[in-house]
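Q: Top line first, the protein sequences correspond to chains L and H.
For the first sequence, my numbering assigns the number -18 to the initial residue and increments by one for each residue that follows.
For the second sequence, my numbering assigns the number 135 to the initial residue and increments by one for each residue that follows.
Derived from the structure by calculation, the hints contain no laboratory data.
Heads up, a few of these hints could be off.
What the hints assert, rightly or not - For the chain L half of the interface with chain H, some residues (derived, Cβ under 10 Å), not all of them:
#1 57
#2 58
#3 64
#4 112
#5 118
#6 122
#7 136
#8 140
#9 147
#10 216
#11 217
#12 268
#13 274
#14 286
#15 287
#16 289
Unchecked claim - Within a straight-line C-alpha distance of at most 27 Å, the following computed DSS-like cross-link-like pairs (lysine-lysine) qualify:
#17 H:213 - H:277
#18 L:146 - H:165
#19 H:213 - L:299
Here a beta-carbon is modelled for each residue, glycine too, at the ideal position from N, C-alpha and C.
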Amino acid sequence: MSTAISRRFFLKTGVAAAACSVVSSSPVARAANALKEGKPIATLLDISKCIGCEECVYACQESNEEKFPEPVKPFPKMYPGRVPVMDWSEKRDVMDRLTPYNWLFIQHATVEIDGEETALTIPRRCMHCTNPPCVKLCPFGAAQQFDNGISKIDSDICLGGMKCKTVCPWLIPERQTGIGIYLDILPSFVGNGVMYKCDRCYQKIEAGELPACIESCPEDVQTIGPRDEIIKQAHALADKTNGYIYGEHENGGTNTIYVSPVPFDELNKAVAQGPGKPHMKPVKDTMAAANNLTTAMMLAPFAGLFAAFGKFYSMSKKED
Amino acid sequence: MERRTTMSKYMYLITILFLVVTGFSQMPISKRYYIADVPGLAWTAEFFVTHYMHYLFSIILIALAAYFLVYYLLVLRKKTSLTVFGYVRSGLIGGLIATGVLMVIVNLPGTPFPATFIIILDLAHLSLCMTFLGVSLYALLAKRRWLRSPGHGK
Chain L
-18 MSTAISRRFF LKTGVAAAAC SVVSSSPVAR AANALKEGKP IATLLDISKC
32 IGCEECVYAC QESNEEKFPE PVKPFPKMYP GRVPVMDWSE KRDVMDRLTP
82 YNWLFIQHAT VEIDGEETAL TIPRRCMHCT NPPCVKLCPF GAAQQFDNGI
132 SKIDSDICLG GMKCKTVCPW LIPERQTGIG IYLDILPSFV GNGVMYKCDR
182 CYQKIEAGEL PACIESCPED VQTIGPRDEI IKQAHALADK TNGYIYGEHE
232 NGGTNTIYVS PVPFDELNKA VAQGPGKPHM KPVKDTMAAA NNLTTAMMLA
282 PFAGLFAAFG KFYSMSKKED
Chain H
135 MERRTTMSKY MYLITILFLV VTGFSQMPIS KRYYIADVPG LAWTAEFFVT
185 HYMHYLFSII LIALAAYFLV YYLLVLRKKT SLTVFGYVRS GLIGGLIATG
235 VLMVIVNLPG TPFPATFIII LDLAHLSLCM TFLGVSLYAL LAKRRWLRSP
285 GHGK
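Using the sequences plus the hints, can you model the full thing?
A: Spelled out as structure tokens, the structure:
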């Protein structure tokens, strides 16, 4: 099974595979080529394998510790007064939801499988949408998407306005007040900290390593590879296990594909939801409505042009 | 003729008004600063609504810009010419359309531009808008028209 990750790792393995004349058949080499060609990578999460041990949660925290916020206190007084201060710095050990210090958590669900009550556990984090609204709609470009499909919030640019969270169908990013560039601008009036979320351990990927959550999992819940290959694997797994797929089409497609032994509407009803605890509902493509206007935008200059020529023609006719 | 000019003038003003409102609403300020609490303005805090509206009015602005450009070249240029303020505002609208179109491309699936370029694009679009508003406000107060000859000005 393909578990290749970073460019360096992929390329190294790809070259080795080529030397062994197995390039065309090696999934690792295909994944290497995907990154080389700037294609997105995705992860497949087999929910039936997860035992809820939270190894991935601990590994995520350890791997990303350096990125966690160290806010300056006391926080600036906010105007108007209703602007909420969000401080998680004294609650860093919270692990049952997403926070600025916990970018991955385990969601619990009790469902019925073949007439038997079964406990399922689901690792939840950013879905890394293929066209992420958090990235595309950030008014200052603080959220970015890499060619490999990873979306990341740049903590040096983010003002903490929380628009990324508002437009995220799963409300994933979490805010920490008292840190970031807003402190150097107008801290009481503009911004409110920095938003944090999973960045797929991009620094490990750059170093040729697996993301911490994948590397640490004792049950191999996650598989990573080129998105098209991961989609095929997800369908093969779902066919084999009579399972269900989530993430392939949600919000126009994501780079996180879940395969579950029970339908996702059942799973969605069974998981605890609320702040920092995302749902598993169907999600329409949030960027599609506006993007569908692109053709009209391309035609707009021609409409103006024809109107002007029409007016010119009627005026010329009148003058004649 | 006069009625058409008045209609296109009001169309332009309404388009600019909505573009400015929906454009500034892309920043998370509407809810924070009670704008969305004003009866009838709750929509300004709905990012997908304002985003969609911004696209719609951009389409109208692009069509109007093409219309006025061609009409100026074919008809008006023979009778009059643009003032300095006319040129400045035309340039700023051109810049806003150019950066806006690039931002529309950014919003399509895929990552066609580097992150730094997108930041520059966002800031350029905002700066052009602020400059356009400043110039337009001054032109309004100082009664500076687009065209030299009265009767054709916007």
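Q: Taking 10 Å as the limit, does the beta-carbon of residue 268 of chain L come near enough to a beta-carbon in chain H?
A: 6 Å, holds
Q: Close enough to count: is the Cβ of residue 64 of chain L nearer than 10 Å to one in chain H?
A: 6 Å, holds
Q: Residue 147 of chain L was flagged as interface toward chain H. Is the shortest Cβ-Cβ separation under 10 Å?
A: 6 Å, holds
Q: Quick check on the hint: residue 118 of chain L CB to chain H CB, less than 10 Å?
A: This hint holds: residue 118 of chain L lies near chain H, its Cβ roughly 6 Å from the closest one there, short of 10 Å.
Q: Would you check whether residue 140 of chain L satisfies its interface hint, that is, whether its CB is within less than 10 Å of any CB in chain H?
A: 9 Å, holds
Q: Does the interface hint hold: is residue 287 of chain L within less than 10 Å of chain H, judged Cβ to Cβ?
A: Holds, because the Cβ-Cβ distance from residue 287 of chain L to chain H comes to roughly 9 Å (cut-off 10 Å).
Q: Can residue 289 of chain L be said to touch chain H, with a Cβ gap under 10 Å?
A: 4 Å, holds
Q: Quickly compare the C-alpha distance for residue 146 of chain L and residue 165 of chain H to 27 Å and report which way the hint goes.
A: Distance of about 14 Å is within 27 Å: holds.
Q: Can we keep the residue 112 of chain L interface hint, with Cβ of chain H closer than 10 Å?
A: Given a least distance of 4 Å, the restraint on residue 112 of chain L holds.
Q: Under the criterion of a CB-CB separation shorter than 10 Å, is residue 216 of chain L in contact with chain H as hinted?
A: Constraint on residue 216 of chain L not satisfied, violated at 21 Å.
Q: Holds or violated: the hint that residue 274 of chain L contacts chain H, with Cβ atoms closer than 10 Å.
A: Holds, about 5 Å.
Q: When you check the alpha-carbon spacing of residue 213 of chain H and residue 277 of chain H, does it fall within 27 Å?
A: 21 Å, holds
Consistency note: the structure conflicts with the earlier hints numbered 1, 2, 7, 10 and 11.
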